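From first to last, the protein sequence lines stand for chains B and C.
With the first letter of the first sequence counted as 1, position 607 gets the number 607 in the numbering used here; the numbers rise by one all the way through.
With the first letter of the second sequence counted as 1, position 108 gets the number 108 in the numbering used here; the numbers rise by one all the way through.
Hint data in this document are derived by calculation from the structure and do not stem from the laboratory.
Hints may be right or wrong, so weigh each one.
As the list claims (entries may be wrong) - Taking lysine to aspartate or glutamate pairs in the EDC-like style, the calculated list, with each CA pair at most 16 Å apart, reads: (1) 642/B <-> 699/B; (2) 176/B <-> 424/B; (3) 245/B <-> 276/B; (4) 356/B <-> 126/B; (5) 399/B <-> 389/B; (6) 567/B <-> 557/B; (7) 274/C <-> 389/B; (8) 348/B <-> 107/C; (9) 20/C <-> 107/C; (10) 567/B <-> 608/B; (11) 27/B <-> 256/B; (12) 358/B <-> 10/B; (13) 169/B <-> 237/B; (14) 370/B <-> 246/B; (15) 358/B <-> 331/C; (16) 264/C <-> 276/B; (17) 348/B <-> 305/C; (18) 203/C <-> 183/C; (19) 31/B <-> 331/C; (20) 105/C <-> 331/C; (21) 207/C <-> 183/C; (22) 356/B <-> 35/C; (23) 335/C <-> 183/C; (24) 125/B <-> 218/C; (25) 268/B <-> 621/B; (26) 642/B <-> 608/B; (27) 274/C <-> 42/B.
Please read all numbers here as calculations on a predicted model, not as lab measurements.
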Amino acid sequence: MSDRNQLVRDNFINAVNSNILPTSTIKLTPKDVGLSATDVIDLFETQVISRHLDLQSRIMQKKGQSFYTIGSSGHEGNAAYAKAFRPTDMSFLHYRSGAFMIQRSKQVPGQTPIYDMLLSFAASKDDPTSGGRHKVLGSKALNIPPQTSTIASHLPKAMGAAFSVPLAKRLALSDKLSKNMPEDSLIVCNFGDASSNHSTTQGALNATAWAAYQSIPMPIVYVCEDNGIGISTATPEGWIAANYKDRAGLSYLYCDGLNLLDTYQKAKQAEKIAREQGKPVFLHMRTVRILGHAGSDAEFVYREMKDIEATEFNDPLLHSARILLENNLLAKDDIINIYQEVEQRIAKVAQQVITKAKLENAEEVMASIKPPVLPESVSGQYHKLVNEEQRNALFTHEKHNLNKQQHCAKLLNWALMDLMAENENMVMCGEDIAKKGGVYNVTAKLSQRFGTNRVINTLLDEQSILGLAIGMAHNGFLPIPEIQFLAYAHNAEDQIRGEAATLPFFSNGQFSNAMVIRIAGLAYQKGFGGHFHNDNSFAVFRDIPGLIMACPSNGADAVAMMRTSVKLAREQQRLVIFLEPIALYMTKDLHDEGDGMWTSNYVTPAQDNVDSSIKISTFGEGKTLCIISYGNGYYLSRQAEKILAEQGIECRVIDLRWLAPLDERGIIEQALTCDNILIVDECRQTGSISEALVTLLAEAQTNSDEKMIKTKRITAKDSFIPLGAAAYSVLPSTQQIVDTATALVNKGSK
Amino acid sequence: MTTAHSTKNLTSNLTNKAKKRVVVICPGRGTYNKEELGYLQRLHSDKAELIQVIDNFRQQQGQLTISELDAKEQYSMRLHTAGENASALIYGCAIADFQAINKDKYDIVAITGNSMGWYIALAAAGALTPEAAIELINTMGSMMTDGIVGGQMIYPITDDNWLIDHEVVRNIERWLIEVNKKEGCAVYISINLGGYTVFGGNKMGLKALELLLPVVQDRYPMNLFNHAAFHTPLLNDTAIKAQSLLSTDLFNQPQIPLIDGLGKIWQPQSTDVKALYNYTLSTQVVTRYNFSKAIEVAVKEFAPDQLIILGPGSTLGGGVAQSLINQQWLDMSSKSDFIALQKQTPFILAMGLAEQRKLVL
């Protein structure tokens, strides 16, 4: 143990022994706040366990046995508010919540928090939360989804989870969902003062307040644990209170986190407001930070020693000792005895923990990237087939159109109509998706048919839309959030990359947030342009482990792939991004005006045999040239194919359909039977999927004795998309495909 | 509570590092068998005062004293296994064994027990004085004198390596649902006992379940003679009666941490005595006793150097070992690992086995 750790450890004993303890102006007694003597002692024992776990982690780190030393020292007051809430109140916790975890574990018998947290420090694969993947505070039994967040990115989903509790009640789904969250649950979410400045915090609190302001119930208690410093940067004096105490829609409460009694009392008040009135609370809790930011943080470099010492003297454990002594609950020696016995006990448990196995290979590490497939009894509980009579009622406004060929937007709208009817836990959310029917009418009539509880108009904040969906998914809903334009996903991508996608991984498959995220995107919109409405980069999603990404190029595929996506989410708990090419929403014709070749008949659910396979499709059987594309590029390639055929170049055109994971086998099987390969990618030359395709094809031919197949790609320029017709100058065109294909084929034949 | 708790002797377990940290496990019913006849006479003739408290109480109740029962020339199933005798007898042997543990060699860091062993654990931890302990144990043991409510039946759920056979467990869950659908049948899991499941139920239910359970090792499913359906809702009336007969005043703060049949830890200073009373005379009487979980919590949260199982008998050793193996404690993953470890440096010390007993004294 380094000197500072040892000092802090010893300070407690010395201060209690000498009875030199920090004072407080709070004169509450246990009775005043409804706590018994044993309750207070129990909370103190929790605090002591949390502290010694911190110290033990640092001892272990020095021996190379622990890999995480950000601790809870100074924040152990969170034990008191843990006690104020129920173990069924789902809690999203930041990393200084050791005492909260331990206290909650006492509400559910049979928990082993000391052992489990030490396993987590040691990254042992026996760690029951993450399976050795990360030190996380989490537990399935305690309703604490694990967080790794350092940037408050867990707040949006906490907001979403809070929204979901009364939503379940409004939709009469509480009984079915009660295994996740009982009807009268609230959500607890904590974070630090430094993180409160993060835009993610601001967004989540804003969304919460925005809803509460219009009387939408939001039973959540946000606890800002204010230790006055973010790593080395001080939080301005009074900043948190000044910033939050008068926020519209939020009830602000303050408690002294150094004082268990005050914290418990205020937490109970917060509980009442959140649970009984359904209103969000901002509980501002004063804490201190002891032992620096983490084990590696040399605090003395940026902090005066007298400040460090003053903070250490304000140790919440010493405040608790004072409360115990003042109220005649324990004698000095009893207090010290508890402190030393816990220390010894933790050291002994640590000796066992370090012998436990670690993750040893990539297969073990990656085992929980995909969540487990659910048994039919679980996945099928919200799913039912809809009879013809019910469907007729749903589609009454379209009865004259149902048998006619339709464009993609209309077909997708109908598919969503059927899916909403079939899946009672499916909820859609996004900007303008309700009465307006979305920017492109893809969600038209859905809110009229299924109500505004299931088709939710959100505020204008993509981070909150995704957070809402993730939170709802934690409660067993099957969310279909919509991001209006691909460019807008980029300001919120961490909710997918850092949060939704990582949940199964860091919880060893115990938690999941299955959903289908609809994103309208890509370029080629006629008469409506500019970068933000024609963004042609989805590179940000391509390397996210476990993520599925769909991109239909036509209406028939959009219907089939949306059904597959929902099935993958429902049965396999998968996270799916459904990228819808905007420019093809209303496209009807392929070659000539009025040919209707880009329209399709609607395949009803009864006619469809939905499977979960992720496969390419192929048009044509030519062997001279294989064109590989997707989205708008596929549409252009199909135009080119006809022209090339007229020139005698026989093609087959692959539509990738699924951009992640790629149907590698299908691509190779088709492409390697052809003499030439042309990849048409409407996204940028750099970072687009064309790069992956070239690599795939090259690697597939590496071990072959035959000559490499000539391969060329056409991509968009490494540019942003400008306004108006200039956009086409940086995007692939039909003519470019024809020209490049002709050159490629002819070069080979010379 | 208005006064400060008594101060524990700080030197007891903090200064002597040579001491081994142990968790003590108290036995339940069915542990005083033919071989144990004379246990008190043979091993505890030096603890007359302790036994006297028990005998006095029983004399006042007009019951045979445990000294008399222990001194019988012949073991009688009818006499020695009847609840009103067996409970007090087992308690007497166990608490005497507890006293016999060499406290200079061993620090007792926690105490747990199986089923009735929970009452003994309370006594050993000081939550019940010797007088209170015999009152409670004898009262609970005598609850069935007017006729035993239901019964218990034991069935193994491990394979030859002492690893839980999950298919058997799944089948059991299915069969329980099936049996409970039948009119007049009520069966529950009464105890999770390491590699065994103890069922508690009414006669009809147990009979119906017995027909579904494949016979294994020529003995199982085995009905436990003279056992009532403890730890099941069938004992609701018994729990109510127990609370009317036994006062909360019988209970004190424990002096040593206790681990109950739900795996909850009761710390000496923070134990709510009323809650302990409620757990003991209500919760655990009518809900499953998860002894396997208690062992899991004991090793994971206290990391003892050894486990001491009090006598009489040593039958609990198997259940404890199986619980350890299924947690892969000390890297044990099979029966043979356990046997090898026991040979080398025994982790479990059963005081009912002469060889291991002498290590404890």
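Going down the list of hints, with the structure as the test:
Simply put, residue 642/B and residue 699/B have alpha-carbon atoms about 30 Å apart, too far for the 16 Å limit, and the pair is violated. Taking the CA atoms of residue 176/B and residue 424/B, the gap is near 11 Å; set against the 16 Å cutoff, the hint holds. Taking the CA atoms of residue 245/B and residue 276/B, the gap is near 21 Å; set against the 16 Å cutoff, the hint is violated. Restraint check for residue 356/B and residue 126/B: satisfied, since their Cα atoms lie roughly 7 Å apart, inside the 16 Å limit.
Among the hinted pairs, residue 399/B with residue 389/B is consistent with the structure: their alpha-carbon atoms are about 13 Å apart, no more than 16 Å. Distance check on the hinted pair: residue 567/B and residue 557/B sit about 15 Å apart at the alpha-carbon level, within 16 Å; holds. Taken as a hint, the residue 274/C and residue 389/B pair is broken in the structure, with Cα atoms around 61 Å apart against an allowance of 16 Å. With a CA separation close to 13 Å, the supplied pair residue 348/B and residue 107/C stays within the 16 Å bound.
Between residue 20/C and residue 107/C the CA atoms are separated by roughly 6 Å; this keeps the pair inside 16 Å, and the hint holds. Straight-line distance between C-alpha atoms of residue 567/B and residue 608/B comes to about 13 Å, which keeps the hinted pair within the 16 Å bound. For the given pair, residue 27/B sits about 12 Å from residue 256/B by alpha-carbon distance, which is consistent with the 16 Å threshold. Pair hint residue 358/B plus residue 10/B does not hold up; C-alpha atoms about 33 Å apart against a cutoff of 16 Å.
Our distance criterion of 16 Å between C-alpha atoms is broken by residue 169/B and residue 237/B, whose separation comes to about 42 Å. For the given pair, residue 370/B sits about 43 Å from residue 246/B by alpha-carbon distance, which is inconsistent with the 16 Å threshold. For the hint linking residue 358/B to residue 331/C, the alpha-carbon distance of about 13 Å falls within 16 Å, and the restraint holds. The hinted pair formed by residue 264/C and residue 276/B fails the criterion: a straight-line CA distance of about 30 Å is larger than 16 Å.
Restraint check for residue 348/B and residue 305/C: the C-alpha separation of about 9 Å stays at or below 16 Å, so the hint holds. Between residue 203/C and residue 183/C, the direct Cα distance comes to roughly 12 Å. Compliance with the 16 Å bound is thereby established for this hinted pair. Our distance criterion of 16 Å between C-alpha atoms is broken by residue 31/B and residue 331/C, whose separation comes to about 47 Å. Between residue 105/C and residue 331/C the CA atoms are separated by roughly 25 Å; this puts the pair beyond 16 Å, and the hint is violated.
Straight-line distance between C-alpha atoms of residue 207/C and residue 183/C comes to about 13 Å, which keeps the hinted pair within the 16 Å bound. Restraint check for residue 356/B and residue 35/C: the C-alpha separation of about 40 Å exceeds 16 Å, so the hint is violated. At most 16 Å may separate the alpha-carbon atoms for a hinted pair to count; residue 335/C and residue 183/C exceed this at roughly 40 Å. A threshold of 16 Å between alpha carbons decides the hint, and for residue 125/B with residue 218/C the separation of about 39 Å lies outside it, so the pair is violated.
A threshold of 16 Å between alpha carbons decides the hint, and for residue 268/B with residue 621/B the separation of about 70 Å lies outside it, so the pair is violated. Among the hinted pairs, residue 642/B with residue 608/B is inconsistent with the structure: their alpha-carbon atoms are about 30 Å apart, more than 16 Å. Under the criterion of a C-alpha separation no larger than 16 Å, the hint pairing residue 274/C with residue 42/B is consistent with the structure, at around 15 Å.
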